[in-house]
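Here is what each chain is made of, one letter per residue.
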Amino acid sequence: MNSLLKCFYLISIIFIAGDVITTILFKDKFKSSLPLRFSIAYGLGTGTWGLLIFSFSYLGGSINFRNLFILSLAFMPLFIFYSIKNFKTSTLKLLRYNFSKGILYYFFLLLIIISLSIITFRALYLPMHLTDDRTQWGIKAKILYHEGTIYAHDFFDPTRVMYHASYPFLVPLIESLFYGALGKIDDCLVKIPFPLFFIALLLFFYASQRRFSTNGHALMFTAMLAVLPIFIRDTNGNPSSGFADVPLTLYYTISFTSLFFWMRERKIEDLLMATMCITFSIFTKKEGIILWVIVTLAILFTLFLFDWKEMRNKVLFGGIFVVLPLILLIPWFHFSSTFTLGPWERDFDPSYLTYNHIHSHLYRIPLIVKSFLRMSLDFKSFNIIWIIFFVTIALSFKDTFYFPQAFLLILLIFNLCALFVAILIYPWPWWSNFLYDMPRLLMVNIPLVMYTISYQFHKSKFLKLSF
Amino acid sequence: MKVIKYILMIMCLVIFFILAVYSILLEAKISYKIFRKYYGLSNNQKTGCIVGELYRYAIKCNNIIPEDSSILFLSNFSSNQYSFDLFLNYYLYPRKLFWLNNIDPYPEVPPKIEDLDHTFLSKRNIDWVILRYPREYGVNKVVKLSNGKPIQSFRLD
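Order-wise, the sequence lines are chains A and B. Note that our numbering has the first sequence beginning at 804, numbered continuously upward. Note that our numbering has the second sequence beginning at 10, numbered continuously upward.
Hints are computed from structural coordinates only; laboratory data are not their basis. We put the CB at the ideal spot given by N, CA and C, even for glycine. Hints are not guaranteed to be accurate.
[What the hints assert, rightly or not] Here's a subset of chain A near chain B, in silico, CB distances under 7 Å, partners left out: (1) Ile915; (2) Ile917; (3) His932; (4) Arg963; (5) Tyr966; (6) Gly986; (7) Pro1032; (8) Ile1035; (9) Glu1072; (10) Gly1145; (11) Phe1182; (12) Asn1186; (13) Trp1189.
Given the sequences, and given the hints that come with them, work out the whole structure.
The structure is reproduced here in structure tokens:
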């Protein structure tokens, strides 16, 4: 009972910290609706706690529930202060909620609820049983919980059996906090945060569409995202498992949609939100750095092609997106530079980009293309979302290449190219595993694909749903 | 043209949701089966059912080796490389599992324990060795060390 109370406190403090930071940085900008407020609070809460606990341990503090409780006290008075201040507004908004909706509304809502029920049930009922949840993130969480520090010897000895010791610590840190709250290693309850990441993703996806569309439109595409087989099937990376792919997807989705709106509406809050979330992406998975570079390139490319006049102005502001993550992650970059990497840890080294290396891997090209085509047509992974994507682009070809929606397409093309190159130059003999793990590798792009479809539907006025 | 576009898009959405309902009902059915299958089992029992042989192997090792031990893992099963030992590492923790070296962690032929580098073992406080080799080598056991020398052996077959 005591451990469940602690767990409840931990979840609450994640939301509270995220909400307080949102209020301090953005005032009421990301509090216009409950879905937006919930998702942003969870995203910023988990990211902030991950970075905070890491920095605390980096400075010599111990990772345990008592210290988390002491640190959390900093957020409590601020939360109470802001809650009292905003009480009237939020209560009135809740009261204004309209409960009379059409049949489609209930159909979409039902799909989302069933999907979330399946995901939450599996997360809490089944112990970890897939690959990376145990071999990569789970073992690190156990070590952090057991040793109480990021300086555990296990991370630094290259002969210690460890998979990607140098990978970012956000997910293991969050898991270790749950072990700390539970007071023991629990392979089921440690997965509490993962369905919450998915719920936050869906709520943010809905709320971000509401900035340009009707509630019915936003709900339909959110339902489409929620029921995709890659999220509800028991496969690598799904939200019921303890993989880092769904957390990364949440941070990345908040980041690219915020950038999209920054280019559209030029509000500095969007740029700052994108910067915060790309920072958490970098601290979640190594791919986060690649996504950060790609997003930066996609912004420059889009502005160069479509918004040349405003480019200089936006590039100056956009500098925040490049510089701030580097500053916020100084402790992590320093810490990770102290690892002695085993040879297999060098998965994606720039030294692989040589003519000889690439030439010797050219035979992989047809296999990668075939795998991508097979996967995109396989409804057991993505339903027919890729087909809908290509049909939408084909039917609204002119609209697609307008500013700012071209940014979404450019970003997707860059991401797919990066994935293609990564598999092509991967140096180890088990590269072919990627061909079978394609759905997980593409997971981070799925909200981007869905968002592009949703925006194109809105622009081309394919359908108008309003409840 | 606009009508054709409309019809095409609506058709796509209808097909999407038909498949979505099918797949979500299928997953709901699978979830119910999972619930029935593992109802009343502890987390460890569920793990045993799902993970199978590897977990039973880890439990055997855990029953022999004390929690505060450091263990050298020797094996040559290249088809499973970077998997069995990584999963074992997860289930053996807080026992610490080590490779012989990080360049070639899977020696083809089981090395003689007496010939292992004494400095390497003592630097990491390694006091146990797990040998997991195919049947023809006849080496599938846990060995307890003292000062780098084997003093006790437990078969895992």
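Should the hint that A:His932 touches chain B count as held when the rule is a Cβ pair under 7 Å?
With a closest approach of 4 Å, the A:His932 hint holds.
Regarding the hint that A:Glu1072 lies at the interface with chain B, is the smallest CB-CB distance below 7 Å?
34 Å, violated
Let me know if the C-beta of A:Ile917 comes in closer than 7 Å to any C-beta of chain B, holds or violated.
At 6 Å from the nearest chain B Cβ, A:Ile917 passes the 7 Å test, so the hint holds.
Against chain B, with CB atoms and a cut of 7 Å, does the hint on A:Asn1186 hold up?
5 Å, holds
Hey, does the A:Arg963 contact hint survive, CB to chain B under 7 Å?
6 Å, holds
Given A:Tyr966 as an interface hint, is its Cβ closer than 7 Å to any Cβ of chain B?
5 Å, holds
Let's test the interface hint: is any C-beta of chain B closer than 7 Å to that of A:Ile1035?
Because about 5 Å separates A:Ile1035 from the closest Cβ in chain B, which is inside the 7 Å limit, the hint holds.
At a threshold of 7 Å, is the proposed contact between A:Phe1182 and chain B supported by beta-carbon distances?
Holds: closest Cβ of chain B sits about 5 Å from A:Phe1182, inside 7 Å.
Can A:Gly1145 be said to touch chain B, with a Cβ gap under 7 Å?
4 Å, holds
Answer holds if the nearest beta-carbon of chain B is closer than 7 Å to that of A:Gly986; otherwise answer violated.
At 15 Å from the nearest chain B Cβ, A:Gly986 fails the 7 Å test, so the hint is violated.
Any CB of chain B closer than 7 Å to the CB of A:Trp1189?
11 Å, violated
Interface hint check: A:Ile915, Cβ to nearest Cβ on chain B, cutoff 7 Å. Holds or violated?
10 Å, violated
Against the hints set out earlier in the document, violations occur for numbers 1, 6, 9, 13.
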